[in-house]
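**Q** Given the structure of chain D, go ahead and fit chain W onto it with the hints provided.
2 protein chains.
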Amino acid sequence: MRSSALLLVLLAVVSHSHGKRPRDPLNSFYVQATVGQPWPQPQAIHTTPQQYGVHPAAFHFLVNQTSQTCDLLTSALDRYYKLIFYPYSYLNYILDPESVIDEIKDKPKKTLFDLRDTPLLKRLNVYIQEPCEQYPTLESDESYTIVVTSDSAVLEAVSIWGAIRGLETFSHLIYPDDNLGLAINQTTIIDFPRFQHRGLLLDTSRHFISIKTLKINLEAMSNSKMNVFHFHIVDDQSFPYESRSFPDLSGAGAYNQDHVYSQEDIASLIEFARQRGIRVVVEFDSPGHTQSWGRVIDILTHCYSGGKPNNEFGPMDPSRNSTFNFLKKMFSEVATVFPDHYVHLGGDEVDFDCWRSNPDVQAFMKQMGFGNDYSLLEQYYMQKVVDIVGSTGKGYAVWQEIIDNNVTVKADTVVEVWKDPYPDELARVTKLGYRTLLSTCWYLNYISYGKDWVNYYKCDPHNFAGTDAQKKLVVGGEACMWGEFIDATNVITTTWPRAATVAERLWSAANVTDPNAATPRLEEHRCRYLRRGIPAAPVNGPSYCDFEFNR
Amino acid sequence: MRSSALLLVLLAVVSHSHGKRPRDPLNSFYVQATVGQPWPQPQAIHTTPQQYGVHPAAFHFLVNQTSQTCDLLTSALDRYYKLIFYPYSYLNYILDPESVIDEIKDKPKKTLFDLRDTPLLKRLNVYIQEPCEQYPTLESDESYTIVVTSDSAVLEAVSIWGAIRGLETFSHLIYPDDNLGLAINQTTIIDFPRFQHRGLLLDTSRHFISIKTLKINLEAMSNSKMNVFHFHIVDDQSFPYESRSFPDLSGAGAYNQDHVYSQEDIASLIEFARQRGIRVVVEFDSPGHTQSWGRVIDILTHCYSGGKPNNEFGPMDPSRNSTFNFLKKMFSEVATVFPDHYVHLGGDEVDFDCWRSNPDVQAFMKQMGFGNDYSLLEQYYMQKVVDIVGSTGKGYAVWQEIIDNNVTVKADTVVEVWKDPYPDELARVTKLGYRTLLSTCWYLNYISYGKDWVNYYKCDPHNFAGTDAQKKLVVGGEACMWGEFIDATNVITTTWPRAATVAERLWSAANVTDPNAATPRLEEHRCRYLRRGIPAAPVNGPSYCDFEFNR
Numbered sequence: 001m002r003s004s005a006l007l008l009v010l011l012a013v014v015s016h017s018h019g020k021r022p023r024d025p026l027n028s029f030y031v032q033a034t035v036g037q038p039w040p041q042p043q044a045i046h047t048t049p050q051q052y053g054v055h056p057a058a059f060h061f062l063v064n065q066t067s068q069t070c071d072l073l074t075s076a077l078d079r080y081y082k083l084i085f086y087p088y089s090y091l092n093y094i095l096d097p098e099s100v101i102d103e104i105k106d107k108p109k110k111t112l113f114d115l116r117d118t119p120l121l122k123r124l125n126v127y128i129q130e131p132c133e134q135y136p137t138l139e140s141d142e143s144y145t146i147v148v149t150s151d152s153a154v155l156e157a158v159s160i161w162g163a164i165r166g167l168e169t170f171s172h173l174i175y176p177d178d179n180l181g182l183a184i185n186q187t188t189i190i191d192f193p194r195f196q197h198r199g200l201l202l203d204t205s206r207h208f209i210s211i212k213t214l215k216i217n218l219e220a221m222s223n224s225k226m227n228v229f230h231f232h233i234v235d236d237q238s239f240p241y242e243s244r245s246f247p248d249l250s251g252a253g254a255y256n257q258d259h260v261y262s263q264e265d266i267a268s269l270i271e272f273a274r275q276r277g278i279r280v281v282v283e284f285d286s287p288g289h290t291q292s293w294g295r296v297i298d299i300l301t302h303c304y305s306g307g308k309p310n311n312e313f314g315p316m317d318p319s320r321n322s323t324f325n326f327l328k329k330m331f332s333e334v335a336t337v338f339p340d341h342y343v344h345l346g347g348d349e350v351d352f353d354c355w356r357s358n359p360d361v362q363a364f365m366k367q368m369g370f371g372n373d374y375s376l377l378e379q380y381y382m383q384k385v386v387d388i389v390g391s392t393g394k395g396y397a398v399w400q401e402i403i404d405n406n407v408t409v410k411a412d413t414v415v416e417v418w419k420d421p422y423p424d425e426l427a428r429v430t431k432l433g434y435r436t437l438l439s440t441c442w443y444l445n446y447i448s449y450g451k452d453w454v455n456y457y458k459c460d461p462h463n464f465a466g467t468d469a470q471k472k473l474v475v476g477g478e479a480c481m482w483g484e485f486i487d488a489t490n491v492i493t494t495t496w497p498r499a500a501t502v503a504e505r506l507w508s509a510a511n512v513t514d515p516n517a518a519t520p521r522l523e524e525h526r527c528r529y530l531r532r533g534i535p536a537a538p539v540n541g542p543s544y545c546d547f548e549f550n551r
Numbered sequence: 001m002r003s004s005a006l007l008l009v010l011l012a013v014v015s016h017s018h019g020k021r022p023r024d025p026l027n028s029f030y031v032q033a034t035v036g037q038p039w040p041q042p043q044a045i046h047t048t049p050q051q052y053g054v055h056p057a058a059f060h061f062l063v064n065q066t067s068q069t070c071d072l073l074t075s076a077l078d079r080y081y082k083l084i085f086y087p088y089s090y091l092n093y094i095l096d097p098e099s100v101i102d103e104i105k106d107k108p109k110k111t112l113f114d115l116r117d118t119p120l121l122k123r124l125n126v127y128i129q130e131p132c133e134q135y136p137t138l139e140s141d142e143s144y145t146i147v148v149t150s151d152s153a154v155l156e157a158v159s160i161w162g163a164i165r166g167l168e169t170f171s172h173l174i175y176p177d178d179n180l181g182l183a184i185n186q187t188t189i190i191d192f193p194r195f196q197h198r199g200l201l202l203d204t205s206r207h208f209i210s211i212k213t214l215k216i217n218l219e220a221m222s223n224s225k226m227n228v229f230h231f232h233i234v235d236d237q238s239f240p241y242e243s244r245s246f247p248d249l250s251g252a253g254a255y256n257q258d259h260v261y262s263q264e265d266i267a268s269l270i271e272f273a274r275q276r277g278i279r280v281v282v283e284f285d286s287p288g289h290t291q292s293w294g295r296v297i298d299i300l301t302h303c304y305s306g307g308k309p310n311n312e313f314g315p316m317d318p319s320r321n322s323t324f325n326f327l328k329k330m331f332s333e334v335a336t337v338f339p340d341h342y343v344h345l346g347g348d349e350v351d352f353d354c355w356r357s358n359p360d361v362q363a364f365m366k367q368m369g370f371g372n373d374y375s376l377l378e379q380y381y382m383q384k385v386v387d388i389v390g391s392t393g394k395g396y397a398v399w400q401e402i403i404d405n406n407v408t409v410k411a412d413t414v415v416e417v418w419k420d421p422y423p424d425e426l427a428r429v430t431k432l433g434y435r436t437l438l439s440t441c442w443y444l445n446y447i448s449y450g451k452d453w454v455n456y457y458k459c460d461p462h463n464f465a466g467t468d469a470q471k472k473l474v475v476g477g478e479a480c481m482w483g484e485f486i487d488a489t490n491v492i493t494t495t496w497p498r499a500a501t502v503a504e505r506l507w508s509a510a511n512v513t514d515p516n517a518a519t520p521r522l523e524e525h526r527c528r529y530l531r532r533g534i535p536a537a538p539v540n541g542p543s544y545c546d547f548e549f550n551r
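Residue numbers (full-length UniProt numbering), protein chains in the order written: chain D, 1 to 551; chain W, 1 to 551.
It should be emphasised that the hints constitute simulated quantities derived from the structure, not laboratory data. In this text, all values refer to a predicted model and were calculated from it rather than measured experimentally. Among the hints, a few may not be true.
[Said to hold, decoys possible] With a cut-off of at most 20 angstroms between alpha-carbon atoms, the simulated PhoX-like pairs for lysine-lysine come out as follows:
no., chain 1, residue 1, chain 2, residue 2
1, W, Lys410, W, Lys472
2, D, Lys105, W, Lys212
3, W, Lys458, W, Lys419
4, D, Lys328, D, Lys410
5, D, Lys110, D, Lys82
6, D, Lys212, W, Lys105
[Stated by the list, open to error] Covered stretches of chain D (chain W as the covering partner; in silico rule of three or more C-beta atoms under 8 angstroms from a C-beta of chain W):
no., region
7, 198–211
8, 229–242
9, 251–261
10, 434–448
11, 475–485
12, 543–550
[Unchecked claim] Partial list, derived from the structure: chain W residues whose beta carbon lies under 8 angstroms from chain D:
no., residue
13, Phe29
14, Lys212
15, Tyr255
16, His259
17, Ser448
For glycine and all other residues, C-beta sits at the position ideal for the given N, C-alpha and C.
The shape of chain D in the complex, shown without the other chains (with noise of 0.2 angstroms):
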């Protein structure tokens, strides 16, 4: 599908505004949006005037005789189904899907009677060629096609992942129209992502998020095709996964018992988002970040001042081989509970302190031949730590402070990326030959006044100096939303629509960077999600939706 270069050559790539909306010289007092413009961009699209109604009861999607089918696609088309003809009830449906469609609510615009003179759109026929895969991975493949002629329109993908995406843009493609109650344009698309890996960060640890607000949160990604969410889990603050093997550490960990995700709430978040075709990437960082994990078991430096204990922890110790048959049986579960094939090790920001304070830790490195270099230890450490998920059959990801710190570790390791001058450090762990992700210009929990989007989508992954294969060596990057100020009353505000962004960036053609030109799609874009009950803030200066949040 990738290969297609010839239609892409074919597409000018045309933003199209069917606006119906008034002319009035008044309005450029408030940002006007585009009117079925799909988010992110399409590496390819070309649409015409020539517009067709669509109605429920004349619409409907047919799986092409001989493609490949599964369960992942017939739910996939009974949302999207839902979510093109009943928004308004759509988000309680996806999370409790006992809930009732509310008619009043949604009630189509037009009925077939008043549509008998236009021509209507009455299918989508979806094809994959390989048969289904069970997860996502970091290879899977996403391109799709969408053509919409006559009364039938087609969508092609290689897998079923790409026929997911490809049903995110047809449901952007159709509209609300005074005339058509809901219109589609005959349009071509041809599309795939520039990068492998668009992530976005939850911390859980800084404040708890219920399972209902993450869902929000992925059906939000989805929306934008992101396809990675980095699981922040537990931190020093608090720890709020719930161990089959030590249930002590949420039982100590947690802020309390109501600020647990049990083993069913994993299960339950991690379908979830795999219906959706994104990966739950787990990160259980240490072995500094660990405070809340030492409550109850003793893993932690007991630190040292007037050669005695103080009643402080520091990192993990690594000098007690405690602490590493724990973490075996640590990671052993979380190999088995979080099907990924990655999980993050942190990794960052290690305070040698307490390390240098503890006399079986300075024993320790006396024994080992570390001298005083602590950056030893915390190799030492590392490399203990990916073996044992190694040997779980795991890959993994760490931030950047192991490869800073010349730590040596497995090839096929993912670097992350989060301190600046990022283009220095992006050239820097490419050249050593490990794959990388960029989250540095992302912070997305560092909030400012005003459109601090366009920050966002000027950053870009291959903005540093390096060869074509240092370039590929760059899967991609995250959004990252750090607990300490979020939590469920505001994380869908802070993070919507700003990581839809870098979505966008990490979606879209390498010279899709005007925001000018971004702004009014992505304003149609914010609009949409209110559509969908997901309430995104303005970001662009005054405007309003058609159906605003909260009515």
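**A** Relative to chain D, chain W alone:
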């Protein structure tokens, strides 16, 4: 009541925490909330460790036989009973009084049998000295005292408004307790506001905000004892006010006809505010900020370039009588729709360029002998408007530019200071003898990362060089949430609890200034908002609430 200086001296201001949370050396990693501490800090509060249980089946409000009473009191007692005992159903109830209390969600944690050996608080006796006013005013008395001893408590107030403030405080004193379900401590409080005008501005022109969301905001204001809703209802971008006299104003000037406040909407909002002792001060800003007014009614100045009208419009056109005839009719209507004594007339950011370009305005300047001094034209306009509004019997507030531009206004005008350096401006305005409001340091729409409320908390309206007489002219201040990047998705989470820190500055004693002391109380107040269904965002760093939002 205010003269109870003796009792004030007798009561030490004691911050006594009844916290039952386990002590934990690791929880320095997150903020600990107080337990049962009111926000804003009362003028004087004394509590003891003596606890009483509070149970819905054993507690009732009682209006003292000799007390004044009225419908406002009856409905306040009904509301606070539900708020105290059915907090999770409360918001639904006040937004839709037909809705049903969700007994399952709100079931008391303890039965009366559980509490058989516990001292219980059985009643709150309410006593009001003076007959109820129908609407709160700038001069209303909000003082009250609360005494909780043995099995009965007493709330005394001069006015209904003081009783409402006292009920709010009483509801803060009651806290969830593992052993008692709900508990209250032996407490004595003497309380009154430091400033009479404790306002919050919302802007419904840059983005529309539904009446439902405006009511949630009023409830949040009442939870922090704020008493003025500054309703910046229209501006350049849109005109959502449905005028009886000029329905075309919203017909053409609203974003669309779903983005309009009907007369019924506004009446219902004003009643909701009145029930909470909140004044609704509406702002119809002119002569600038009026682009949306001029879409169908020809009242704006036509701008010229190259000797011809250029299809752009400027401020209201003061050279035509028709402008003032329109304003007469408009403000007569406004005077009947909004019962508060004050109307805010705006007057900020008037651009003279368009006036300068217009030949009719030029001719009028000549005729009036204004030379080239367009601030004289502004003064002419404002004095006409002020006379128009004055003739309806109303008082008025204006933004500081009116004074900066040396426009003479009536002595009872309230001048709102919004520019830096605010101490100079406060000194200047009060020296001229005008009453003044401060908002410069409380533009909450200017978000930034971290604990930004500390800056709001430090800002004081008496922080300027002036005589005691000048200080007395400062009637209070307003937190402003301008709407460029704010709509129903994020207005509550961005405003709360940040506006509550302004509320404490304006209510509590001048020496309540330590942000570190305030932090745990603010954290409790935030959790109180969540328990009441209002999504107040985290502002103190990592933390948790027993009841999180969106579970």
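**Q** May I ask which of the numbered hints given earlier this structure violates, with the numbers listed in increasing order?
**A** none
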